[in-house]
Amino acid sequence: MAIIHDMMPAFELYQPSDLDGAVQLLDRHGDDAWALAGGLDTMDWFKDRVKRPKVVVDLNGIPELKGVREGADGGLEIGALTSLTDVVSSPQVREKFPMLAEAAATVATPQIRNQGTLGGNLCQDTRCWYYRGGWPCYRAGGNICYADTSSSMNREHCIFGASRCVAVSPSDTATALLALDASMVIAGPRGERVVPAEEFFLGPGIDITRMTVLQPNEVLVAVRIPATFAGARTYFEKARDRQSWDFALASVASAFRMNGDTIAEARIALGAVAPTPLRAKKAEAALRGQRISSQVADAAGNAAVEGARPLRHNGYKVPLMRNLVRRAVRGGPLAGEGQDAAAGG
Amino acid sequence: MARAKLTGTDYTPPDLVAKVTGRARYAEDFRADGMVFMKLLLSPMPHAHVRRIDKSRALAMDGVLAVVTAEDLPESDPLNEPLLASEALYEGQPIAAVVAVDEATAADAVERLQVDLEPLPFALDPIESIKPGGSNARTEGNTIVRKSTDDGVQTVVERIEWPNQLFRDAGEDVLPLGEHQDEWTIGGDVEAALAASELVIDETAYHQSLTHHPLEPRSAMAYWQNGKCTLHCSTQSCQRTHGVAAAAIGIDPADLTLISEFCGGGFGSKIVGTVNMALPAVLSKQVGRPVMHRVSRYEENYFGRARPGMYIRTRIGFSKEGKVKALDIFAIQDNGPYGRQGDLGSVGGVASLAYQPDSMRFRAVSILTNTPPRAPQRAPGGAPISAMLEPIMDRAAKQLGLDRIAIRKLNAPREGAKFGGDLSRNVTTAYTHEAMDQLAALVDWADADRRGGTRSGSKAIGTGFALAPYTAGASGFDGLMVIRPDGKLEIHSGVGNLGTHSFSDTSRVACDVLGLPWEEVEIVWGDTSKHLPWTTVSAGSMTTHSMSRAAHAAATDLMQKLQEIAARDLGGSPEQYEVDGGRVFRRGSASGGLTFAQAAKRAIELGGKYDGHELSENLHAATKVAAAAMAGQGLLGAAKDEYPRNGDVYTFVVGFAEVEVDLETGFLDIKRYAAVTDCGTVMNPRSLGAQLHGGGIQGFGLAASQKWVYDPRWGIPFAHRFYTARPPSILDVPLEMQWGAVDKPDPNNPVGSKGVGEPPLCAGAAALLCAIQNAVGEVDLRRLPIMTDNLLTAIEGLDPEVPVLTTHT
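In order, the protein sequences belong to chains A and B. Start counting the first sequence at 1; every next residue gets the next number (my numbering). Start counting the second sequence at 346; every next residue gets the next number (my numbering).
Hints are supplied without guarantee of correctness; some may be wrong.
Only pairs whose alpha carbons sit at most 27 Å apart, straight line, appear in this in silico DSSO-like list of lysine-lysine [to be verified]:
| no. | chain 1 | residue 1 | chain 2 | residue 2 |
| --- | --- | --- | --- | --- |
| 1 | B | K400 | A | K54 |
| 2 | A | K51 | B | K400 |
| 3 | A | K47 | B | K400 |
| 4 | B | K954 | B | K969 |
Bear in mind the hints are in silico, worked out from the structure with no lab data behind them.
Model the full structure from these sequences, guided by the hints.
Set out below in structure tokens:
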């Protein structure tokens, strides 16, 4: 554990002006290097002296990593260094995928959204307070999970997907992008690769020390959102303790393609309940071909939390997640007098 | 009564422009030639003996000037918080300090210290400690007691232990009524009174320990010149911090200049600063260079003070009309590792005042824990007891079929109400009914009451109404001011500037006495080299009441001297002269007379009492030193407040909250908040509104968002940053917030004022909890804060995750 906090150690700073330069630098320095985007997650680690790279590669001077562009299929491609504020206010995002703007708008505070980037929000590390406090846990290369013992404080930890580690994915935009079936464009020394959101985020069962498939010598370049769910019926909600500067206790993002008043295709993503943003595939299956009703919503909610395994202090996440999925199907909270506002679409 | 011209009106305080333009200089904004930096090594264990700290690797680094541990400092009383600990009593306690040319080097040097610690058993939870076999927070025991011995009163550490049988008999979630340290009563046998009551509610609740979280951490910078020390620090009270800081540094106060012109919040955590501010001064002397210690948010969580947590069991008996017949309170205080905290006393005192029980018993015990040092926090003791008992009053009203305001009116104290052990104390004014009526009208209570408890879809609507008293003033301090030969009135204020404007609000009283425009005044404050009078600590809502008295006394002294000088020079008797508009003139002829400038020059010529060469005997020694230094500079006003005070000054705040609880997510949406106060005469309306609303919001945090979380196995906390501790953000505050004031003067103050720092917090917390209870029914409010998880657990009927008698989860 770090013995002193709030004081950043020295490092060598590189500020490449193009992507190739950034990749070369990362490749040259390997595990000693750290890619810097908005710095919100990064500076916390550095100031607490828990993560101590020798080299920092600042991506902020690379123009091609910024901006929102029309995608080849009519969807969108958003540069990874685009600020969350720019994502929220982008007319294209608001028109085609308003749910992404809604999700990005729930991140932290206006100041943090001005500085924080979409790529950074997706790649940020987990907020497990044992791990971030520098405890030598599995995720930090040790041989114990401090958050999953009989006396651990794990109110904010996972109810799905535990595998030695019980930390959760903290990203609000990841949940939205998973529901929108986005892909991640990654540049590395051997060129570009495109990875679907579902494969981009890694659970501890695959690699306990990383949250994503990004290798130390790779850069997340952009997010591609296909046209599939442009203009679809979508829903996003983040439950949290405070209305600003707080991470999700649970979040839901859903995108339904409708065929008249029945659901042709449903994608539902759950946030902050598993080490990765999680597809609620049973709920999705339960919705396919159904007309929207409170009964269908209830069934989807129940299906979404099937198999949930709460820890000592997070049992509340099960009904919370279930209810958020119900709301996603209904299109909102249970409306006045117990009536179902969204019945009939 | 003074001509009220300024008192009661909005104005721009003299510190405001600097604050809002970023030009205000706080402790860490100061620089001195050759300044170097200090960093601390904090204990990584909750309780450990420091066997050895090897400094050699740190000292070998370029740029490291000094490494200091407890061994290098004078030995201190083990019961008092040391500058650096040889036995760490909480995780995060400073155990070594490094001074280096810059902070990065100092931090690197801290990492190179080789630390050998012997871990000792630790206690985080008073309940665990008091059980048989429980750990002691200190090697010698788990509680601090004062004992009378042959050598006088001694403070010692002892162990207090309750037998297992006591817990078994009480049952789960009920605080046993075991051996205690404090006890007092009102009226007859409380058990008999409970037995005779129509309705008895028996409840155990747990209130969190909470860090104060002032926005400005307690940074400090010090340097020495010619054997004298200058210290820039962050403190609530300026004049009263001076001696405390000098003692902590180990020097004569005459050798210390303390500068604290601005203080970015304290809430009780910086009443007279904290011991850490002495360390840069001590180390500056050692290295011969100015030393800056910038305290980080993380460190602030550790040695920045916290409110003591409290387990309280209350048994309260009502008559069928709703009158409180019997009140039996037993409290266990989570004391932290050092001096016994006074919150407990206020728990009983506030309860006895607020509910005026016929019969009462108060018992308490304070248990040491290996958690950060405690200090009073805004409404110490009052906040937990008001937040606990107000929802109980609502439940009683419901069971007895009474209106929620009616039951409060039936029990609320009125003018002169007696309270405390044996009813030995009495309040001055208490316009509680007036405040309740005003708030009820402001929020349309009849309608709000009907709305409460209704549902709309997933939203449960709740309304809450709460009354909270808290102490609001003392007396006996000194005022000091001088009319200079340029005609300006220079007021020397020893009050700290913790953001409430009380340092200047109280100065306006002097203007009103003299009929002087505000533009003709200069306030000198925030620097002990500038001759400050004996002043109250800025804590416990004391300043406005206490120092408006002192300012009134000194201004009255000035007025008399002006009249005497005029009579001497212009003929007639002093009583024939009037003072107004910067002149002293014969009554009825405002054109003649003397200007203040002329009078000041005459005072200097006359000397003696007029220019401060002779001082009133009854002034405090500190005021005499200050006044002597000002002698000869003009017409000096210096007086002790000897106005009568017929009782304890208490301010009352009633709060109203309306909430929507989302039954699907547990989300608590505070829709509306309003507060009305009886704080005597309103001094500064805009600032009063800020106190009522700001305190209310802080109460929301206590009730519904802020907490400590500790891993019980390792004794290490997690909520040590703003985002994990979760004080309310601006988006957690309702858009609709209102306030009002009864604005009736308290005759025990020359301008009628009472302080208003503390009770807004109690009213905010209590009204919010009442509203939550009103929204979702008999939800478990026993463990604060009531957050998303607690609410959803209760709504869904899930088992609570932890028993009531548990801390820091």
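Checked hints:
1. B:K400 - A:K54: Within the cut-off at roughly 26 Å; holds.
2. A:K51 - B:K400: 25 Å, holds
3. A:K47 - B:K400: 23 Å, holds
4. B:K954 - B:K969: Measuring from Cα to Cα gives roughly 12 Å; hence the hint holds.
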